[in-house]
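Protein sequence lines correspond, in order, to chains A and B.
Here the first sequence stands for residues 1 to 513, numbered as in the working numbering.
Here the second sequence stands for residues 514 to 594, numbered as in the working numbering.
Where hints are given, some of them may not hold.
[As the list claims (entries may be wrong)] Chain A side only, calculated, beta carbon under 10 Å to chain B, not exhaustive: (1) SER68; (2) GLN118; (3) GLY121; (4) ASP135; (5) LYS137; (6) SER143; (7) PRO212; (8) LEU447; (9) ILE450; (10) PHE470; (11) LEU476; (12) ALA477; (13) PRO482.
Please keep in mind that the hints were generated in silico from the structure rather than gathered at the bench.
All C-beta atoms, glycine included, are put in the ideal place defined by N, C-alpha and C.
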Amino acid sequence: MGIASKLDTVAGRFYKNVNRVPDKEAIWCDGEKMTYRQLGDFVSRYANYLVSHGVKRGDIIGIPMNNSIESVALIMAAASIGAGLAPINPTISVDQVDTAFRSGKAKHLIARSAFYRQIAGRSMEYLNGLKLCLDKKIDGADSMEDVKSQSTVRPSLEEIDGSETLILTMTSGSTGDPKPIELTQNNKLKRADAHVRLYSITENDRILAATPLYHSLAERLVILPLLIGATSILLPRFTPQIWMNCVEQQKVTFTIVVSAQLSQMVQLMSSPFAPDLSTMRSIVSSSALLESHVRAELIDKLRCDFNEMYGTSECSTITSINFHEAAHKTNSVGKPLPEAKIRILKDNDTETEIGEIGEIACKTELIFNGYYGMPEMTEKTFTKEGYFKTGDLGRVDEDGYLYFCGRKKEIIITGGINVYPKDVESAVLTLPEVKECAAFPYLDERLGEIVALAVVCKDGQQLTKRAVQFCCAKKLADFQQPHKVFFLKELPKNAMGKLTKNKLPEAVAGMQG
Amino acid sequence: MMIKNFILNYIQREYALSENIDLDTFNYIKTGYVDSIGLVQFIVTLEEEFNVEITDEELADERYQILGEMIKLIESKASAK
Chain A
1 MGIASKLDTV AGRFYKNVNR VPDKEAIWCD GEKMTYRQLG DFVSRYANYL VSHGVKRGDI
61 IGIPMNNSIE SVALIMAAAS IGAGLAPINP TISVDQVDTA FRSGKAKHLI ARSAFYRQIA
121 GRSMEYLNGL KLCLDKKIDG ADSMEDVKSQ STVRPSLEEI DGSETLILTM TSGSTGDPKP
181 IELTQNNKLK RADAHVRLYS ITENDRILAA TPLYHSLAER LVILPLLIGA TSILLPRFTP
241 QIWMNCVEQQ KVTFTIVVSA QLSQMVQLMS SPFAPDLSTM RSIVSSSALL ESHVRAELID
301 KLRCDFNEMY GTSECSTITS INFHEAAHKT NSVGKPLPEA KIRILKDNDT ETEIGEIGEI
361 ACKTELIFNG YYGMPEMTEK TFTKEGYFKT GDLGRVDEDG YLYFCGRKKE IIITGGINVY
421 PKDVESAVLT LPEVKECAAF PYLDERLGEI VALAVVCKDG QQLTKRAVQF CCAKKLADFQ
481 QPHKVFFLKE LPKNAMGKLT KNKLPEAVAG MQG
Chain B
514 MMIKNFILNY IQREYALSEN IDLDTFNYIK TGYVDSIGLV QFIVTLEEEF NVEITDEELA
574 DERYQILGEM IKLIESKASA K
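Just chain A, with the same shape it has in the complex (with noise of 0.2 Å):
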């Protein structure tokens, strides 16, 4: 049996949709849109390309992923095909590029030309099979030419069973080393399925993601729709405006969008000049906590569902929560999912007592298929029962409603997007003048947080905050730049010398960073 005739894969229903809906919009973006048919069509080139360019399944393709149609037809062409793509963020440095493609095992390489430019001269042996640049005909790579003039005809190969690697979401992990988070095509299609059940999502809705692609939300977002014949519309770049504009003439019907972005609308939610929201049916709210008065202010403007959820990239949603009908439980974050089951443990992984905080556990039908490559670190981070040790800190009520009580593990969260500490760190160690450091969460109206940096030079020597960025602006990504940086004699530590980082907003406070 060839492909062409299984259903049941990210791909299967897509195309199920092509010959189903044909005519129906499936895809807006920036401006651009497309049918089925042609989305379809579009799928089926670029997975032949892929398949005539030496493309197996299995096979990893490295992408620094911006938000377009076309990466979304990768997406599917890559299902299609039993390919995975390790997606990363363009702005990230060469040597984190490596070091994120090296454990992914990525063979192939789609990227814009900028990105080739930046990696000239650069040994990445491991690339040594196909090379497609999206935007320009360059030496060495091919072009989009090459994958519009394949056949619309949807190639047939080995039989695709869903346990093909889909998609690696890059994470640095706390302790600096790369952990990518392992997404099989049938851990998406469980991910969809519980979420058109929890959030009622049917074919009617127009879904809107407006995250980058190369983080698990978006990439949620946009495949969903197009596995039950929906409308996905994708928002390249974020600003509150261009978001609310987009609600309004797009007519969105749902969203998840992270804490951050909500935090930076309510303002303009107030103004007689706002955006018509009406369209919007349900809205979720994800990343971390809102704050009490944000989240007041949405219930009360937001005259459609408005939900929060908690949940993590290796386990998807865990507990949600609907304010219209939970008013009363507005400092929780819900209930689990029926597909899920949270334990607040102890330190030795027995479970807490009810109201006592510890960190939340959770046993999944959504889990990840492991940290890519990685059985033994998978292995550490589940209980002996099967469950998840999230990292996150919580406690459960009488009722049976989780609590977020703050982290565990040491990360800060900025506009949504995880930070770890330690990639900050070991940045700012290479300058030859600095005796130890510590990045830090500091509190921002607009992103939530923000990285903070305190720094102790070494005797006799001295650093300027421009020296430090500079530093940090060549060797991490856009989100990982410190907004603020202290200089301190010494980092505040316990008896024992250890860091007492949660100290260290006492530290530096009053100081200009």
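Got chain A; can you put chain B on it based on the hints?
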């Protein structure tokens, strides 16, 4: 020309600008080409590349959200060195 090209290349790391763009009116903040997360790296990269310093007052001035104005600002600072 070198400064203009550097800035245009930087802005287009993720998304291409349309060919008929008017640099004298194009606002790189309001169009999301540089967002609040990316602004620090953008400014610091320009400062280092051209050995100039952009003051907090200049950063707060909405005029310099216009790409053409930012290019002129860096050009004038670099030529004064």
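Okay, the hints, checked on the actual structure:
1. SER68: 8 Å, holds
2. GLN118: Constraint on GLN118 (chain A) satisfied, holds at 8 Å.
3. GLY121: This interface hint is violated because 17 Å lies over the 10 Å limit.
4. ASP135: Since the shortest Cβ distance to chain B is 6 Å, the answer is holds.
5. LYS137: Violated, because the Cβ-Cβ distance from LYS137 (chain A) to chain B comes to roughly 14 Å (cut-off 10 Å).
6. SER143: Violated. Min distance 14 Å.
7. PRO212: Holds: closest Cβ of chain B sits about 9 Å from PRO212 (chain A), inside 10 Å.
8. LEU447: 6 Å, holds
9. ILE450: This interface hint holds because 9 Å falls under the 10 Å limit.
10. PHE470: 4 Å, holds
11. LEU476: At 8 Å from the nearest chain B Cβ, LEU476 (chain A) passes the 10 Å test, so the hint holds.
12. ALA477: 8 Å, holds
13. PRO482: 8 Å, holds
Checked against the numbered hints above, the structure violates hints 3, 5 and 6; every other hint is satisfied.
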